[in-house]
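Respectively, the protein sequence lines represent chains B and P. So for the first sequence, UniProt numbering puts the first residue at 1; every next one is plus one. So for the second sequence, UniProt numbering puts the first residue at 1; every next one is plus one.
Misleading hints may appear alongside valid ones.
What the hints assert, rightly or not - Think about it this way: if two alpha-carbon atoms lie no more than 35 angstroms apart in a straight line, the pair counts; the simulated DSBU-like pairs of lysine-lysine are: (1) K125(B) - K240(P); (2) K7(B) - K125(P); (3) K193(B) - K240(P); (4) K56(B) - K240(P); (5) K125(B) - K85(B); (6) K240(P) - K75(B); (7) K125(P) - K81(B); (8) K85(B) - K144(B); (9) K56(B) - K128(P); (10) K120(B) - K240(P); (11) K240(P) - K117(B).
What the hints assert, rightly or not - On the chain B side, residues computed to face chain P include the following (Cβ under 10 angstroms): (12) F146; (13) E149; (14) M162.
Calculated from the structure, these hints are not laboratory results. Just so we're clear, the structure is a prediction, and the values are computed from it rather than from any experiment. In this text, a Cβ means the ideal position worked out from N, Cα and C, and glycines have one as well.
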Amino acid sequence: MSILQVKDLTVTFPGGIEAVRGVSYEVERGEVLGIVGESGSGKSVTSLAVMGLLPKNAVVDGSVQLHGQELLGMKEDDLVKVRGKSISMIFQDPLSAFTPVFTIGDQIAEAVRVHQKVGKDKAAKRAVELLDLVGIPNPNLRAKAFPHEFSGGMRQRAMIAMAIANDPDLLICDEPTTALDVTIQAQVLEVLKTAQQETGAGIVMITHDLGVIAGMADRVLVMYAGRPVEQGPVEDIYYRPRMPYTMGLLASIPRVDGEEGPLVPIDGNPPSPAALPPGCPFAPRCPMKVDMCDDEEPPLTPFGGGRHVACIRAHEIEHKNLTGTDVFPVPVIPPNEVVRVPRAERPTVLELDELIRHYPLMKGAVFKRRVGTVYAVDGISLDIAEGETLALVGESGCGKTTTLQQIMQLQPPQGGRVVVLGRNSAELDKAARKALRGDLQIVFQDPMAALDPRMPIGDIIAEPLRAHGVKDDVRGKVAELLRLVGLAPEHAERYPQQFSGGQRQRIGIARALALEPKLLVLDEPVSALDVSIQAGVINLLEELKNRLGLSYLFVAHDLAVVRHLADRVAVMYLGRIAEIGAVENVYDRPAHPYTQALLSAIPLPDPEMERTRKRILLEGDLPSPADPPSGCRFRTRCPKFARLSEAERRRCVDEEPSVARLTRAVDHGAACHYAEEIEVITASENQEEE
Amino acid sequence: MGKYLLRRLAINVILVAIAASLAYMLAATTMNPRAAYEGRQPPVPEAVIDATLDAYNLNDKTPVLVRYATWAKGVVTGDFGKTWNGGSVNGEMGRRIMVSLRLLLIGTLLGFALGVVLGAVSAVKQYKFSDRLIGVSSFVIMAIPVFVLATLLAIATYNLNRGLGFTLIEYTGEYNPRLSGWDQFVNRLNHLILPTISLSLGSIAFYSRIQRNMMLDVLGQDFVRTAMAKGLRRRTALTKHALRTALIPSATYFAFAFGTMFTGATFTEKIFAWHGMGAWLVDSINQNDVNSVAAVTFFAAVCILFASFLSDLLVAALDPRVRVS
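Can you build the whole structure from these sequences, using the hints too?
Below, the structure is given as structure tokens:
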């Protein structure tokens, strides 16, 4: 008997925008249904419609039944008895999901008191129990804290505590871990599993992260343009997808255990719900498209084994046993000429030597006084050789962005040295600094915010040229740059809002390339993009590097993307480098406990591996960079430290480790007194051999 | 926190001293209290005038800095000096503050409460008829100067009373000296009706606009949706979670209005013939009453700084994010 039964749900917003066009699914007790889709596919709107939380101007049709009771069109008096009691919801952004002026404990207790007739003190006690259940340390004390005093991960735990306060039958999780760092994400997913065991609830898990779904879901629903296009048990969806969109999606994600070679992108963009193509909405992007696809939208039809597929060629795919890499054209990326020369013989384009950036922590409104120091970057050293990509990875607050700023400013640093293309930033005069900027360019994270909306993109790309005094044939150069990044030269007259996110990021790359730089700094260049778009941009970056002989400093938090794009990787923790080395070394044999935990926290888009692998879970949150622990900064969360003997621990507490080269490898160093290489991710090939 | 408040207090004391000194200097150098004695019939001998003015510390023949020193010495000991005709400024001020307070207390509170409610309703019913009605009325009221509004109200009441043949609503003065006891109390309340309406209409209009904007900001926030997802009714979620959060900015305005309440409302007092602080400022300027002007200004400065202090406290009480950091 299913708990929730959604049938032919449609949601229409004013202006005839059909955000959801016929979604049907069922959730059973104790079952996890994963709903995946890119932004704008209607997955969040679906769940809000189930909860009855859409704005009043949205027209909802179809049927939503909870235990056979129809929820659509129910009166508010009855609906409030269901919401928060039988169905609970966990939202994406835990920062804004709590009312800022009430304590966490009060807000959880409120959820208890809405549905249960208990006294105030009893509800407060229950809130503390719930906080304890989701693993908040000192729940008694923390219940009295306000939302802004909680870290992101703790807030999401508290959110889960609130959602399970009344033993719901169904939990709807809308991107519950998207805003969190990977190690925190792993913690929260663990809590979610505990919460499910505790309540036996069914879960609807909405996310765009195929790795999270692989680890959590029993069944998966893939949405595209407001409709489900494939539905089935998780293994079938991941190992035997039968709808080209699902196949493309799975082929396009970079994998942390992945092999080399270009990613398989899906061309084009998801259609806008206001202007759907005739017939199958995926047809314009589909490599298997035939004329019949444009005639009518294929319905989601049963396919046997509890599977449903909306594609007229599904049986053919099944018959030929096609996969994403067979169907989608695999781009050819020219080889890199520069890397034929051994690394040691190539010139160094960027060198950081014990770079330091501390910020004073000020207090007081009228009389400011210094109360402390934020050790944002506290002595990091690295170098990038010509034609090389170095990735700087780490969780939020580890100092990645500060490091970038220090490099981009080209000013004398507070401490240490920044040497760009052989020029020390401390010894530059104004003219030399400007000239050097032409060789050092940046691509920003948010392609929406990085382009002036009032400027045609031709002018945006030409701006660096004009700023550096290039006068002749600017138009020709712009056209060439546009072609280089895969856009048409006639696009130069258009404005940024006429482009999709992926195209905007290409424009940003074109602008950065205008001055023919030698070193490109990429600040999370693909993290704001949808999965199917991301692959295309990653391929472009790789191709440009090989063709133009560029070097990249690549800042990212997504370790799978890093593995794909980078040659070397530096892992940062609290303003210091924890581990640095060639990608194969660091990923296959991580030696620092932090790297190990980071790698093991990344969900793999492979249900079997994801469920069988052993996770190294970190405890707690990142300590404040204003008050780093003595000695090794990682020791407060280090799983290895916990296993050391008292005598061994002394060294971790007293002595700060610096990056030491590991004996066996040429390019691999870790800042750990007890570094020990272990394998965290089993490579997919190995698994097959076994 | 205590240390922080003390420091704020110290800064405030300095600011009051500066404001009051500047005001005294301005009043003492530009006003001419001698004029009140000079044109009299029969003429008063100059020596007598000088002696009188000397006694009140108002003589323009004494250097202004000397007069200032005398005045400042008095103020430090709590004595604001004498009015132009020898009355005690302290006594006058004490009486008038109470008058202003009686006049403004209800209007200020009512204006805030109704304004917030109307603003919140307006936001919840955005673009509906009630929102438009509240919006248009607010702008109309804000566009009418308070002296026009008060006068219109007084005229309307006068006509109403005449039409009825008896005085339903009082439109001038503070009370009827012929009554006593309970009747007097009711009569005082009756005298309050018109000034309260004229005072609160403006603040209702003002607060409703502010509150509408604040509320709209908050309504789109996730936490309101969370509150409803918990099982709260929309109305409860809106009042308890949304309005509570959206009150913080309006509270600072309210603190200012409350603090400056004691300085009176000049136009309303003059039009409805209440002898409060606002009326006193106008009167004392007309009468070249240097010490009274200085005292009113001093008091206003104290009130403003008290109000800003109050708003700090209020925000700290309402917003835990401020309290902690």
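task = Starting from the hint list further up, note which numbers the structure goes against and sort them upward.
result = Of the numbered hints, all hold.
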